[in-house]
Amino acid sequence: MGPVLGPDYSHSIHLIKNLLTGKMPGCPKINSGFVDVRDVADLHLRAMTHPAAKGERFIATAGESVWLIEIAKILKSHLVQAASKVNARELPNALMHIAALKDPMVKSMIPLLGRMMNVTSAKAIRLLDWSPRSTEEAVLATAESLMRLRLLDQ
Numbered sequence: 024m025g026p027v028l029g030p031d032y033s034h035s036i037h038l039i040k041n042l043l044t045g046k047m048p049g050c051p052k053i054n055s056g057f058v059d060v061r062d063v064a065d066l067h068l069r070a071m072t073h074p075a076a077k078g079e080r081f082i083a084t085a086g087e088s089v090w091l092i093e094i095a096k097i098l099k100s101h102l103v104q105a106a107s108k109v110n111a112r113e114l115p116n117a118l119m120h121i122a123a124l125k126d127p128m129v130k131s132m133i134p135l136l137g138r139m140m141n142v143t144s145a146k147a148i149r150l151l152d153w154s155p156r157s158t159e160e161a162v163l164a165t166a167e168s169l170m171r172l173r174l175l176d177q
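In terms of this note's numbering, the sequence shown is residues 24 to 177.
Since the hints were derived computationally from the structure, they do not count as laboratory data.
One or more of the hints may lead you astray.
To be verified - Result set (EDC-like, lysine to aspartate or glutamate): computed pairs, CA atoms no more than 20 angstroms apart in a straight line: (1) Lys40 / Glu113; (2) Lys130 / Glu113; (3) Lys46 / Asp31; (4) Lys96 / Glu167; (5) Lys108 / Glu167; (6) Lys40 / Asp176; (7) Lys40 / Glu160; (8) Lys99 / Glu113; (9) Lys96 / Glu159; (10) Lys46 / Asp126; (11) Lys40 / Glu159; (12) Lys96 / Glu160; (13) Lys40 / Glu93; (14) Lys146 / Asp65; (15) Lys52 / Glu87; (16) Lys108 / Glu159; (17) Lys52 / Glu93; (18) Lys99 / Asp176; (19) Lys46 / Asp176; (20) Lys52 / Glu159; (21) Lys77 / Asp152; (22) Lys99 / Glu159; (23) Lys146 / Glu87.
Please model the complete structure; the sequences and the hints are all you need to start from.
The following block contains the structure:
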């Protein structure tokens, strides 16, 4: 997540774009951790330069994982008019299984339905004094940059 620089961006950014443009008829019961790209860059720098990071691995995530419906609600509550096409209702797993019969993209989501994907950045926070932005801030920065760069129409 985080501000996009142009029209070449990751699948997680497509998620926000698809929510904002109404291409998603609702939210599959999918859970994920989110992090702002600026915080990932910061963590990389800290891991390269801090003596306590030598030989260590760190997970970059902004707090607890969240359900996709929560991401939709963040967009709707903060961007009101710009998020008028966001559908913040949860799609039943049974409907996802039916859609998966015809859509390979939906089929790839089936193993993720209903699974908690919690991980922790506690080690990075403790050892490297890392402080990521909230999921809400990262999601809104993503959406606002998509709008600012007029990438929702593409």
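Each hint tested on the structure:
1. Lys40 / Glu113: holds, 18 angstroms
2. Lys130 / Glu113: Roughly 17 angstroms between the alpha carbons, so the hint for Lys130 and Glu113 holds.
3. Lys46 / Asp31: holds, 19 angstroms
4. Lys96 / Glu167: Measuring from Cα to Cα gives roughly 15 angstroms; hence the hint holds.
5. Lys108 / Glu167: holds, 15 angstroms
6. Lys40 / Asp176: holds, 9 angstroms
7. Lys40 / Glu160: Status holds; Cα separation ~16 angstroms.
8. Lys99 / Glu113: holds, 14 angstroms
9. Lys96 / Glu159: Holds, at about 10 angstroms.
10. Lys46 / Asp126: holds, 14 angstroms
11. Lys40 / Glu159: holds, 15 angstroms
12. Lys96 / Glu160: Cα-Cα ~13 angstroms, so holds.
13. Lys40 / Glu93: holds, 15 angstroms
14. Lys146 / Asp65: Within the cut-off at roughly 15 angstroms; holds.
15. Lys52 / Glu87: OK: Lys52 and Glu87 at ~16 angstroms, within 20 angstroms.
16. Lys108 / Glu159: Status holds; Cα separation ~19 angstroms.
17. Lys52 / Glu93: It holds: about 10 angstroms lies between the C-alpha atoms, which stays within 20 angstroms.
18. Lys99 / Asp176: holds, 19 angstroms
19. Lys46 / Asp176: holds, 12 angstroms
20. Lys52 / Glu159: Cα-Cα ~18 angstroms, so holds.
21. Lys77 / Asp152: Between Lys77 and Asp152 the Cα gap is close to 15 angstroms, so the pair holds against 20 angstroms.
22. Lys99 / Glu159: Measuring from Cα to Cα gives roughly 12 angstroms; hence the hint holds.
23. Lys146 / Glu87: The hint holds at about 14 angstroms.
The structure is consistent with each of the numbered hints, conforming to all of them.
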